[in-house]
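Asks: Spelled out from the first residue to the last, the chains are:
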Amino acid sequence: MDGFDPVDRYERMVEMRTFEELVGEGVADGSIHGEMHLAIGQEATAAGLEPLVREGDAVVSTHRPHLHALIARVDPVRMLGEIFERSDGLCGGKGGHMHLFDPSVDFMCTGIVGASAPIALGYALQRKRARPGAVAWAFLGDGAVNHGTFAEALNLAALWSLPVVFVVEDNGYAISVPTTQATAGAIHRRGEPFGIPGWAVDGVDARAVYEAGRAATDRVRSGDGPALVVATAYRFRGHYEGDIDHYRPRRQHEETMRERDPIARARASLIAGGVGADELMRREEEARTRVRGWVDRARAMPWPDPADALTGVFAEAEA
Amino acid sequence: MTTATVEAGAAGHGAEPRGKRTEDGQATYLVAIAEALWEEMERDDRVYLLGEDIGVYGGAFKVTEGFLDRFGPDRVIDTPIAEETIVGMAVGSAMEGFRPVAEFQYADFMSSGFDEITTVLARYHYRSGVPLPVVLRGPSGGGVRASSFHSINPEPWFAHAGGIKVICPAFPADAKGLLKSAIRDDNPVMFLEHKWIYRRIKEPVPDDPDALEPISVARVRREGRDVSVITYGAMVHKALEAAEELERAGISAEVVDLRTVYPLDEETVLRSIEKTSRALVVSESYRFVGIGAEVAATIAEKAFEHLDAPVARLSPPNLPVPFSPTLEDAFLPQVADIRTAIERLSAW
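So the sequence lines, in the order shown, correspond to chains A and B. So for the first sequence, my numbering puts the first residue at 380; every next one is plus one. So for the second sequence, my numbering puts the first residue at 92; every next one is plus one.
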């Protein structure tokens, strides 16, 4: 998959939203415990970047990781198995939704804000030496850009010309604090003092994200050093499922969701461009059916054996 | 074992650390550590070093002197002063098959990388099943008049992290063999060197590059009948000195050197208590929730029927390491304190 196919991207966004909605249902019906961070409203960023993620790349994500895992080609059923706390999940039920690891595709995430960028440098170091053309993707939220690790990582990535694509998803809020109250200056210019070019892009427009991402990855894959893409979108849900979300006035929240819905926007654009509504409905239904099938399979997985809680802290000695 | 001072590193008998041994072939603790790193880097090109001032400068204590010339800048990497990034990058590269050894200039600065150490490094394998062969090493400990930012014993923090092995060697040969084991281990290892020992203690160390010391195995350093002193790091040397003095007074103290504080070798500790029925636990880490507290609790829980006296502890109080020598000496357990504690126990 290389290049941007708007109908295909639309279907993928529907798939992503369905994924998040069904996980949200799992939280609501008590099937999933703990904190749950959904990326509804941010689908266009992941879907726009997906055609640019290649085999051999590494993806390091955040506490809101599901869509990043999907574009890193993590098996969605095993991911859902982990989210639904099952033994056949990615981590055998030991991690949960913000502790997803899939070494077969070099995907990982960390629930600590700011912790992803330094790890991506390690992945990138190996790629610079042994896998020319491959990159490490470091996803961060707007909250993470004010953590010291972001500056540390920008500096080293530039200094050593590491193949890192930093993607900051500014979804408007670091939990409850608006980006405008926490962050000075323009995030996409944070790399400038280090010589890292930045792209600011409307994260609700998958094609715009794709175009900026392509310019950024062209640079990084050709060995010219890191790049920074800042995609601005709107977080539809609270910070976590159950967030009382009183910091966003209801009317304004609902208006913003209407204006900043990447799926509604893409649909209107496709219809205006002559794609038939029947075709889109067929695609939507296929996407939803597919995701429901994944969730059904995950929900049918067995529970972990309690004895497994005590295993696996350390790797066994080498044979 | 001797306490004669040997200049290491700066002595410069050649680039190889082995060239820095004394004329009769003994190595200081510091040279032994350098030899371990050198030999493991020669053995396995996945091993690389990263840290602050480890290249041209050769490290704050000169452990890596000569390494840059021999192994080149891709394997001896000077980093910015950015500890979270040092650890994070070590983690990421270990996932890709490297075996990074990160030097912290002082163990005190490990707290600057605390998040990546405790939430990423320590907890990765449990969830992912992917081995993470990362060694973090650096000089810990007090007694060198370095005040509170350069004297910490951070072993309880990391022993408590739940996924990091913590090694605190007391002797050059142990330091060499255990560091080699740490680098070959598929798990995160915190290797806490003791800067008071660096140039004070020397002894013959193995030449065989495959001579390893096992992790999580304690060692009885001195056999005794009356009291067991359980300790590690610099306190081993003070305990041995106290035991020698008491031998002349007719009290026989056994000294157990834990060598690895997590996971703890309970068996060797408990076997010693079965023999002596009295336990003194000495640690340089703080008394409250320190390594000594854990060892004492283990003995009380698992060897109660063998005890003829309450388990005694000697550890510094939980306060910043003071600077002026009179203050620091009052803070750290001294040979005389250990002697008095052993005498009190043996009188039970």
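To be clear, the hints were calculated from the coordinates, so they are not data collected in a lab. Every residue gets a Cβ at the ideal spot worked out from N, C-alpha and C, and that includes glycine. Treat the hints loosely; a few may be bogus.
Okay, the calculated beta carbon distance ranges per label pair [to be verified]:
(1) B/G163 to A/A647: 37 to 47 Å
(2) B/A388 to A/G435: 42 to 52 Å
(3) A/P557 to B/R161: 52 to 62 Å
Asks: Can you list which hints this structure breaks, lowest number first?
Replies: When the structure is compared with the hints, only number 1 turns out to be violated.
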